[in-house]
Amino acid sequence: MPPYKAGLKRKVTSDKKSDNVVEDKQDSSSDNEIEDLLQGDLDKESDATDSEHEQEDDGSDGERDEVLFDDSADSVLEEDPQSEESIDESSDLSDSEDNESGDSADDDESQPESDEEQSADSGAETGTAPSASGSSDESNKKNQILKNENEKSNIKQASTKKKALKQRQKKKMSSIDVLASKIQEAKVSTEPVQQKDEYESGDTSDEEDRVNTAGEVPMWWYNEYPHVGYDLDGRRLIKPPQRDHIDEFLKKCEDPEFWRTVRDPSTGQDIVLSKEDLQMLERLRQSRVPSATHDEYEPWVEWFSREVLATPLRAFPEHKRSFLPSRSEQKQISRIVHALKMGWTKTRKQIADERKKKKERQFYNLWGAGGQVRAPRSLPAPRRALPSHAESYNPPPEYLLDRREMKEWDKLSETPWKRKYTFLPTRHASLREVPAYPRYVRERFLRCLDLYLAPRAIKMRLTINAEDLVPKLPSPRDLQPFPTSEVLRITGHEALVRSVDFDPSGQYIVSGSDDGTVKVWETSSGRCLRTVRLGAAVARVAWTPALGLSLVAVALGRRLLLLNPGADIGAHRVAADTDALLAEPPPAHDVLMDERTSSCVQWEVVDAEQWARGVRVAVAHFKPVTHVAWHARGDYVAVTLAEGAARAVVVHQLSRRRSQLPFRRAKGLVQCAVFHPHRPLIFVATQRVVRVYDLVKQELVRKLQTGAQWISAIAVHPAGDNLLVASYDRKLVWFDLELSARPYQTLRLHGGAVRALAFHRRYPLFASAGDDRYLVVAHGMVYNDLLQNPLLVPLKQLPGPERSGELCVLDVRWHPAQPWLLAAAADHTIRLYA
Amino acid sequence: MVAKKKKKYSSGEGAQFMTRKAALKKLQLTLKDFRRICILKGIYPREPRNRKRAQKGAGGIKTLYHTKDIKFLLHEPIIWKLRELKVFQQKIRKARAMREYQKMKKYFRDYPEINIDHIVKERYPTFVDALRDLDDCLTLCFLFSTFPSLKRVPPDQSLLCRRLTVEFMHAVIAAKALRKVFVSVKGYYYQAELEGQTITWIVPHHFSFQPQSKDEVDFKIMSTFVEFYIMMLGFVNFKLYHSLNLVYPPKLTAAFNADTEKDLVDERVYVSERIAAMNISVARIAGANEVEELPEIDIFNTEDTDPQKLEEAKLEAEKVKKLKTMFKGLKFFINREVPREPLVFIIRCFGGEVSWDRNHFVGATFDETDESIAYQIVDRPTMDKQYLSRYYIQPQWVFDSVNTRSLLPINKYLMGAVLPPHLSPFVDKTKDQVYIPPEARALNDPNFKPLSEDGPSEEEIEEDSEEEKEEKEESEDEDAEKALTKQYQQEVEQDSQSEDESDDDIDPEKKKLAKEKKKAMAVTTGVTFKENPYQKEIEDKQAFRLREKLVRKKHRNLYKSMKAGQEKRKKDIWLLRKKRRLHDEKVKEENKVEKRKQKMQMLEAAST
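Line by line, the protein sequences give chains C and U.
Under this note's numbering, the letters of the first sequence match residues 23 to 856, in that order.
Under this note's numbering, the letters of the second sequence match residues 2 to 609, in that order.
Because the hints were derived from the structure by calculation, they are not lab data.
Warning: the hint list may mix true and false statements.
Below are the DSSO-like pairs computed for lysine-lysine, each with C-alpha atoms no more than 30 Å apart in a straight line [to be verified]:
hint: 1; chain 1: U; residue 1: K106; chain 2: C; residue 2: K368
hint: 2; chain 1: U; residue 1: K252; chain 2: C; residue 2: K381
hint: 3; chain 1: U; residue 1: K82; chain 2: C; residue 2: K440
hint: 4; chain 1: U; residue 1: K221; chain 2: C; residue 2: K378
hint: 5; chain 1: C; residue 1: K379; chain 2: U; residue 2: K107
hint: 6; chain 1: U; residue 1: K22; chain 2: U; residue 2: K87
hint: 7; chain 1: U; residue 1: K33; chain 2: U; residue 2: K6
hint: 8; chain 1: C; residue 1: K378; chain 2: U; residue 2: K82
hint: 9; chain 1: U; residue 1: K572; chain 2: C; residue 2: K368
hint: 10; chain 1: U; residue 1: K57; chain 2: C; residue 2: K381
hint: 11; chain 1: C; residue 1: K442; chain 2: U; residue 2: K26
hint: 12; chain 1: U; residue 1: K57; chain 2: C; residue 2: K481
hint: 13; chain 1: C; residue 1: K725; chain 2: C; residue 2: K645
hint: 14; chain 1: C; residue 1: K371; chain 2: U; residue 2: K95
hint: 15; chain 1: C; residue 1: K380; chain 2: U; residue 2: K122
hint: 16; chain 1: C; residue 1: K494; chain 2: U; residue 2: K430
hint: 17; chain 1: U; residue 1: K82; chain 2: C; residue 2: K380
hint: 18; chain 1: C; residue 1: K481; chain 2: U; residue 2: K22
hint: 19; chain 1: C; residue 1: K440; chain 2: U; residue 2: K432
hint: 20; chain 1: C; residue 1: K481; chain 2: U; residue 2: K122
hint: 21; chain 1: U; residue 1: K564; chain 2: C; residue 2: K380
hint: 22; chain 1: U; residue 1: K432; chain 2: C; residue 2: K494
hint: 23; chain 1: C; residue 1: K371; chain 2: U; residue 2: K82
Isolated chain U (complex conformation):
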């Protein structure tokens, strides 16, 4: 008897994958519902290893899902809920058609809610999992919190987003978890570290909502995402507040100003407004300690860990600790024109005290007239009334200080000053082939002096000095790059020498002896053969070029593409360097002309 022939695609990759159409048929859902459930459950298409087999021989490119995923969806109770919704929608439609508006209203009132708590738990079995995936959630929630009421978005979503994001920010403030901030053209980037997970999110600038054309943006899809993210963020907030010993629906520590203000018409509104102001710390659970010091890292002499790395980690931890209390005891006053929320958030994260104009927003704690204010953040060229007791700085100072983890000197950030470039803290400097702007290099090592920057002190000196001197300096500056390279080479040589010396130091006596011997022999001192490093380099390069030809055929294309990438990066860096150089030269030229002009004016004034 002939064995029964195995049907094709009943096992292997053909059975593992399922097209979307098949999935719809299996789940008996419409595409809309399927999309919704996919978003809620986090099911996504998969890329097969062999598309042809996965599509059961069909041509073209189809959206493929894992059969396992679809079967998993099949047991989801929400599917039944979706069907119930469908019935409700039909009822509503009918009532509307019959003009039974009372009935319609009732249906709307009793419209079933989908409970997706279990899905959050299912997708993120642990709290850390949820934190790891919080980036998109926060970004979208922050965006939605700025939305007006839209046709396709449930009315309460934007309000809830606002509430949850403010709560989250309070949690970050309480945990002092903020690490990096960046003002980009797109918005404010924040990076926080919670439970060892780095979370990065973007908050758009003001007025980010603009009407979008229908084929550009589908708000329904975004709203479905937000539907899930709201739940997720709510639970994360709850857990965060609990771990920080805070009362979850946040309450204010003290009902401040309660006596001064007249009877509260709506206390809830009052509290929520103050919370949105983010200026008062939220209530702690009674009996909880105010400050919890993290234990210092102990170094264990384990074999596998690199001591240097451990040392670095310790240093880093120290820096972070310092960062957390960077603004402690400092009072900031925010001017009217400065975006309030980001600055309040940042300053409060690092322990500072903030206030603003009482008429600007609720929650101001002290007035502008307070003499103990250390910094006033302004974003305008001049101010009429200035206090001597405080610095008037531009908001970028706060951002840059946070990124460098220290209070930067304020001279470059004073009111009306031309700001230095704002650099991204997210650029990984440890990677090779990364362009580091001179400003960033100056931050890393204090000895480095970028070309373009002429400190005020230096300028004064230059002004005092004679023209010849100036010219000299200029010529020096022109050759600064060469000098730099020279310096670099010298350093390298020194390093090598030092190494050599260290080698030699092992037996100095022997060396001495040898020298004496040589003297005794009375032979002219032999010149050691010194290999020309340039020559050597060329040789090495040649050898490498030959070896390059031995790359296996399998890897040749990969190697080529990697090389091409390297070349491209190199070229980019080169281009950036060149542009910078040109720019610096231009600026220098302009400065020179200006200075000369000033001098001329001075001379004229003196003569007259």
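The following block holds chain C by itself, in its conformation from the complex:
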């Protein structure tokens, strides 16, 4: 914006304001005039370098000083304000310079900006004004001087401006009001115009102030002359009398004002600086604003901003088309309206609404009519367990953890999944005190993970009870009779009783013990009827099953003795018959034994002493005898020898006093051998296998895999079709020979090794005993119907003797007719259960 316009604007605003302000406005406008003048100077100097520019400034300063000096010469009173004013002015000037340069830099486009700047400037100016006016007459004087300077131009311009202003004034009353109020707020205190006389101090100007007209020449040119230049009338300005150093010194000593006396180089006059001058110098030295009365923090008065637009931007009126609506736009709009009416287009709001509606979920009857969708059959996820009492916010007191449980809870803090609950059961006195469950979100998240990440499979849930797994068997009470308690305890042996047996009628008991005796007892009373001392430990005793004979087979070390218990036991005729039968050995030519047999078996001749003891037949073997088994008819005895290898099993025929070795080759460690009750078969138990041989055909009939680690004993069912095997590894194995060579059932009824077992001859009972305290009586029913499998029911655990050493019960036998069980115990007793 050109400066004249700015000036014009300024003027306008000042006119619009209340009268009080007018004076200031004029002041500012005069400032502007100065600016204008100086602009020309600046333009000229623009070629010069910065340093030159500075020099120029200095020069100008010097010039002004000269002028001031002249004033001071006139009057001391006027001197100070003048100088002050000049400095003021210079500062103003510099301000305006900046402003102008800014203006020139700015384009027309940045008009508002420049306006703002100007307004700021003007603000600053006006800011100075009140303080100046408020302080003293000085400011008045200054104003007057300035006005004198610009008198003519002011008058001329004012008239034109006022005319232009009146037009705008009407337009922008509102903005003016705002401005007025603003200004009132700012409280600019000024004096009315009437009070001031512009020409009070005479018509002076800067030019007239200049006393010395010598121009800008170095002062030393006048060194040789008595004058220093010329005044306006061309008269010489006489130098004041020059002082030498002594004079100076004297003056220094005498004159109290000397310290503030300076010499003006342009006139050569001494100038005494006033108090104000000194203050100003002091302030300048401190680089503060020279005038002490200047207020730097005056309130801001807005002249021209976004809100306040006191002046128009342009001076010319608006074009007509700016008032009339556009024709083409009208056409466009009508087209759009038509399209909207016809529904060809939609408004933005409509579109947005539609979009929003589309995003909103619409629910409808999904399971109404409609085809079925086939999806692969899915396994529903298992539901979460429902809460127990412990989860309650107020659980019963028993669910709260006591101190011990709490300790365990704390101990498992590292492994919380091992805890009893996932939460700590706590009691809250009221619902209000229940806090949020901190793991709730986590638990829900884990459930989500389970739902999509956990593998699923159909698992049949067991709806059975544990009791259902136990086989349903008839109650033992329905399977009576069987022995239920101990009825008789027979003592008398001095060492553990190895073996016991009933006689075929069941009246007597024979027992063999480690103390080297064989004793015969009466079953009904338990009285010892006879004791046979044999001198060595008896391994086995077995009464012959033949009814017409009275014979007991005794295994005594390597020998097998056949004892006749005596005439006082049982029918004496039977005893006598037996004696008669065994008195005469058969003729020697009848006894035909091959060399293999005779090398290991020796039928001994029984001497009179032994005969008297009851020994009727004695057979010596090459190895100790471990097991003796009678054939059902009583003619044959199968003897098992320890470590006999191929000759471990020997079969003796009593009637012919002859022995046989049925096996040619060893098939393992033979444990025992027993005869089939009625068929010519022999069961030979080795360590793990039971072999069934046909003695007539001399061939292996069957090999039974027991599955046991070490067989201890075998027993054949009286019917002959079933076999029971006992083993040291606590098992009882039942074989149904008709069914298969595999075990029909394996019973683990014992806690220790099973050493003995026996079938009852008439009742469907069997008993087993071993190294644990209990004898087990079981029901073993074999049906004649081949389709029906044997029924095995353990009936009773009979408490046996205490364990002595490792052993407990060594042998069991059933009474031939009664359900009575006889046990040979390791604690030197024989026990009868009924």
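Once you have looked at the hints, place chain U on chain C.
Just chain U now, with coordinates in the frame of chain C:
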């Protein structure tokens, strides 16, 4: 010519299963997308019978899916949608990188929505199927309805969850379907019965949302679940409302208070707030009957059904019917400190009327000053202003009453009283080896009297009585357990006797005759052999122990583990009983001391 050798794993279990990696390759999806589609479609890994074969001989444990499932996914149109999304995401990413925010905004605006209606139908072909699987859905939706806006959760999800859950609760209220409630430390458990399906859900306590660490909880996964559950719950709600003759997006029956309130600024907000208050029944479809009575169960004499069972079912139905109108005609007022939503829901479910402080929440129907209020639910020890016309009870009364299906006596639940334990209604009492706390037993049979509970009346009596008497009672109480066992034994004996008698009753005349005969013979009366029951029991036990040894080898381990479980349960029950006994004794002791103290004080007061 040699036949072509069959390739291994081309049939059988090897061909049935597919590892996740193979599935990803087949579907050409990223793991993220695959996870999403699996969640939406309800596809999950399967446990193979033979893992080695299913993994085609590979070692380790791999996530296996049914090949059939993956092939099923292959035809899913959503997969194409997912690919479209991917393109969109790329576009958005590019726009962001180029700082074309206008464009980005537009992309966000036009972001394609995945429509999963058909998946809901596919996964739940019938409405009942959906109801059966509603547990997790409701639990998660109720949780999400409490969530603030989260980074990985779409912004509208939580609001929608809130809306749908409130709608569902309205449906439950209208159907009177709520059966059981339980306040646990985790939250409120509700069990409703809709269309014959029991649905159980949990609503967390207030302020359940807490910031979770990233490796603890992945909200993205939960949000995907919620995405599906929202649709499912929406459709279920629609169907429920329809079956109940309600207008689906629920509307209020009457625009109440419309005249008093000034012009509604936003009617939708107004309605939704009132609906959230759950205090006004929602609008019915015009012309629908208000109440539909369920027909009574008729008993058919079919051969296969057990008449006793039928009788039980009938009884149960009657009880449920009573439960539905338990609070009918009763007015409740909820105090400020009581959690409003659960109680309003429960009371309204059983026909009660509720209100609360007008300043507390919108939708209050009557004020505290209303004299017709029957119960005021308070959760503070005392109140300044009390009305004589109503009971001041603690909230647990409502929960316990619902679980026992009758209005419980309020004396234990009065304001400031120490509450009796709150028991879970979900414990199956019919199962054996379940510990039933004495309180629950007391509920089941009125004759049972738990040890610890001294009714106020009893206390008074005790106070009146002399000390000796007290001591006597105490000693009695100490032996109460013994007495109980004795009583039990007596009962058993009575039962057996009665049975015997019933046997004998068949021919009493004969018996008489026999007696006469005996008298005539003049022989001393023979003492019948009486089997010692103890002995018999021992024998049976022994026999059983023997039989136990005959358990087949195949089942032995199973049997052992089952036995161990039984033992453990037994031990747990034993422990609980013991703890309870100790606790009761302690409480009794304390009571005694207190009483004595009181007496002493009384005496002192009297003397002075």
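Review point. Taking only the CA atoms, is the gap from K57 (chain U) to K381 (chain C) under or equal to 30 Å?
Key: Since the Cα atoms of K57 (chain U) and K381 (chain C) sit roughly 46 Å apart, the hinted pair is violated (cutoff 30 Å).
Check your understanding: Are the Cα positions of K481 (chain C) and K122 (chain U) separated by 30 Å at most?
Key -> Roughly 27 Å between the alpha carbons, so the hint for K481 (chain C) and K122 (chain U) holds.
Practice item. Compare the distance between the alpha carbons of K106 (chain U) and K368 (chain C) with 30 Å, and conclude whether the hinted pair is satisfied. Key: holds (20 Å)
Check your understanding: Taking only the CA atoms, is the gap from K379 (chain C) to K107 (chain U) under or equal to 30 Å?
Key -> holds (17 Å)
**Study point:** K725 (chain C) paired with K645 (chain C) [C-alpha distance capped at 30 Å]
**Key:** Answer holds: K725 (chain C) to K645 (chain C) is near 26 Å, not above 30 Å.
Practice item. Sort out whether K481 (chain C) lies within 30 Å of K57 (chain U), counting only the CA atoms. Key: Between K57 (chain U) and K481 (chain C) the Cα gap is close to 23 Å, so the pair holds against 30 Å.
Review point. Does the structure keep K22 (chain U) and K87 (chain U) at a Cα separation of 30 Å or less?
Key: Within the cut-off at roughly 20 Å; holds.
Point to revise | Proposed proximity, K95 (chain U) with K371 (chain C) (alpha carbon, max 30 Å) | key: holds (28 Å)
Review point. Are K442 (chain C) and K26 (chain U) close enough, with their CA atoms no more than 30 Å apart?
Key: violated (43 Å)
Exercise for review: Starting from K82 (chain U), check that the Cα of K380 (chain C) is at most 30 Å away, please.
Suggested key: holds (17 Å)
Point to revise | Straight-line alpha-carbon gap K572 (chain U) to K368 (chain C), limit 30 Å | key: violated (76 Å)
Check your understanding: Between K33 (chain U) and K6 (chain U), does the CA-CA distance stay at or below 30 Å?
Key -> violated (39 Å)
Checked against the numbered hints given earlier, this structure breaks hints 3, 7, 9, 10, 11 and 21; the rest are met.
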